[in-house]
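K.L.:
Those protein sequences? They're chains L and W, same order as listed.
So in the numbering used here, spot 183 of the first sequence is number 1052, and the numbers just go up one at a time.
So in the numbering used here, spot 200 of the second sequence is number 1069, and the numbers just go up one at a time.
All the pointers check out, no bait thrown in.
Since the list gives no way to pick one copy over another, a pair counts as held whenever it fits inside one copy or between any two copies.
Capping the alpha-carbon separation at 27 Å, the derived lysine-lysine pairs in DSS-like fashion look like this:
#, residue 1, residue 2
1, Lys983, Lys1039
2, Lys972, Lys951
3, Lys925, Lys906
4, Lys975, Lys1039
Simulated from the structure, these hints should not be mistaken for laboratory data.
2 protein chains.
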Amino acid sequence: MAFRYPNGKKYVNNTQNTPKKRSQNISYSNRGMSLEKDLNETNEYYRSRGVAVIHKKPTPLQIVDVDYPRRSAAVVTEAYFKKPSTTDYNGVYRGYHIDFEAKETKNKQSFPLKNFHEHQIEHMQRVLQQGGIAFAILRFTAVDETYFLSAEHLCSFYMHRQNERKSIPKSEIEEKGHLIPVGLHPRINYLKILDQIISNE
Amino acid sequence: MAFRYPNGKKYVNNTQNTPKKRSQNISYSNRGMSLEKDLNETNEYYRSRGVAVIHKKPTPLQIVDVDYPRRSAAVVTEAYFKKPSTTDYNGVYRGYHIDFEAKETKNKQSFPLKNFHEHQIEHMQRVLQQGGIAFAILRFTAVDETYFLSAEHLCSFYMHRQNERKSIPKSEIEEKGHLIPVGLHPRINYLKILDQIISNE
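Extracted from the complex, chain L is given alone in its bound form (with noise of 0.2 Å):
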């Protein structure tokens, strides 16, 4: 189940519960869903082996209203999607802290800019500066390609591009950023990118 965000952006509900269908306009699109339930999985792979803890971040909501019926739980009935102001991953591995966004294109040949809020890139110069590890996790799913791309890169790219052209080459990324290879478990093995970052430096 996808929905729209009012930015444009996909919603997607990854839980096991099955959504009721009362909804307009509703795409059954399963496109967006698949890099997130990939890095939930790899996470849930680094957690259960004490290799890092990473989680994804909760939607952000603006909650209005809340009904709460006489024997049964609370149910919020009017809540706004927010934008994120950070990234929406992060967490600790190897005593570095760890921030990231993740997002997916089905261009083929460049990486659209507008995925990316203000306030994120923001957010990720600012880890920076506090001495954590900050990247993004980008994929082109017309070829099924994962790229890790540094903090730094993302944001060279994002200040000096994004009245141009607003967006990055594919072969930019292949060049600055690094090709996460595709597993079974974990499905994208991206610390294993950052070790050889971290010994390379």
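Knowing the structure of chain L, use the given hints to seat chain W on it.
P.N.:
Positioned in the frame of chain L, the structure of chain W alone reads:
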């Protein structure tokens, strides 16, 4: 505005928008809000001065239904509160991963351990294992005293005392923890306490 979680915990809507008052059984008590508000202001102070990047995570909700009015923003019309599986606050400070939970009690002599979920305690232990810094900020509202208690002590209390007394005596928090002086800017300078702990190690 404050209302009850299914688990008895209060949900506090601390946003600028005034919520519509349609729900029943709402308690308008402001209790339970002040510590969160103080911490949000403190974290905003830290961020604005480049001291640290620490955020409160959004309230975890299970979204079940969303409506799309034609000319306005998407509205979540059915959602349920979920138990948090992590602590509420995390971020990065001087290269350290910071992870903490904040709770208040009206009790005068002890802090009830039922305020902490088992998942949160396990999460703190995992964070410690990864070399992160984890702690609790505990407020006794009756005397307006706020303490910094390391996760090492909190987890030890939780593991050994849960079946016996299900609370931590205030005297032990005074002994093992650190009283945080309440100021104006920032309101709760918990990183100052952390600095002292780090420099004493």
